[in-house]
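Q: Here is how the chains run, residue by residue.
2 protein chains.
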Amino acid sequence: MNLPKLIIRLPDWVASLLALWPPCLPDHQDQMRLAIELSAKNAETGIDGPFGAAVFDDRGRLVSAGVNMVISGGSSILHAEMIAIALAQKKVGRFDLSGGGQRRYHLFSSTEPCAMCLGAIPWSGLSRLFCGARDEDARAIGFDEGAKPSDWATALNQRGVQVERDLLRWKAVAVLNRYASSGGKIYNPVFPSE
Amino acid sequence: MNLPKLIIRLPDWVASLLALWPPCLPDHQDQMRLAIELSAKNAETGIDGPFGAAVFDDRGRLVSAGVNMVISGGSSILHAEMIAIALAQKKVGRFDLSGGGQRRYHLFSSTEPCAMCLGAIPWSGLSRLFCGARDEDARAIGFDEGAKPSDWATALNQRGVQVERDLLRWKAVAVLNRYASSGGKIYNPVFPSE
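Line by line, the protein sequences are chains A and B. Everything in the first sequence is counted per numbering that gives the first Met the number 0, starting at 0 for the first residue and increasing by one. Everything in the second sequence is counted per numbering that gives the first Met the number 0, starting at 0 for the first residue and increasing by one.
Don't read these hints as lab results, they were simulated from the structure. Honestly, I wouldn't trust all of these hints.
A pair counts as met if it fits within one copy or between any two copies, since identical chains are not told apart.
Straight-line distance between alpha carbons at most 27 angstroms, and here's what the computed DSS-like set of lysine-lysine pairs gives [unchecked claim]:
| no. | residue 1 | residue 2 |
| --- | --- | --- |
| 1 | K4 | K90 |
| 2 | K90 | K184 |
| 3 | K184 | K40 |
| 4 | K4 | K170 |
| 5 | K170 | K184 |
| 6 | K170 | K40 |
Bound conformation, chain A alone (with noise of 0.2 angstroms):
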């Protein structure tokens, strides 16, 4: 059997995008501003999903980013907080990016993760989490953000993982909205009738 691969690599204008910015940016307001840059920059493709995230050191340096590639990487599990933490355990250079317990490394997500990338965080080694647009923001423009916990974020305190929200949410909505409105393609898969 051919077994195929996928390799998971951050389009070019990410990089691009991120010559333009401090290596470091010990602020967390200026730390979610460069996700949700990546969300719009990303919308602006005409491709893939509004959504971007990056994963911050505590002393705020950058260490990886993601966007949405659903579409241009063929793959529904390509959603920017999966890539973000993928690449971050990769420079880091382990599955567990906490490395025994610290408290080092930050997921900022410019739109509340779903439930797949929800589910993917407690394995990550993350501490913290930051959002920008709520979950509902991307529901109303028609993306599906699965069955997730209804105490999801008290599921993620528990578990070690700080969470706050709303940081520039109406910067966040604003990149979702723009993008429902230019007619962004809203790609979730049709659930198959029985």
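Since chain A is already given, all that's left is putting chain B on it; use the hints.
A: Same frame as chain A, now just chain B:
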């Protein structure tokens, strides 16, 4: 900024193992046997966890395989199901396996999916999920399965994904227990403390 990439590629022994099986397995039990054999062989490598998965089409043709590669691949997103889903999408050539609502592709998982893999299923376009060992069987040997909705099987069903549990459960559980009794690594990240 130097952007790393992540290549998802199955180890060579998987291709050798698959070459020993017929390319078409019309019986669901045989399809699960293959997923369980992948889990067993993966555990025997002494590196990664005792989890395997496979995607078949509705005629029983093998589309893709997956094994847990969290340690060898250096990323916590590399669960067997995530790999099987991503590689199936690569092979079929689209991010939505349903291709607009057809019921064609089935995921066989040696153990019920964790919260991340569960969240990934509705985005994949898979129409059926077959599970061997139960969630509690994995927890019994120390693996964490994450915060799943208590009625996760119903939630999947409501999204058009039919769930069948306990297919050759005894066989899948035997692999988990052998892994635990031989001192296999339980590699949950240590949750950061406050």
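Q: Flag every earlier hint the structure violates by its number, smallest first.
A: Number 4 - this is the single hint that the structure violates.
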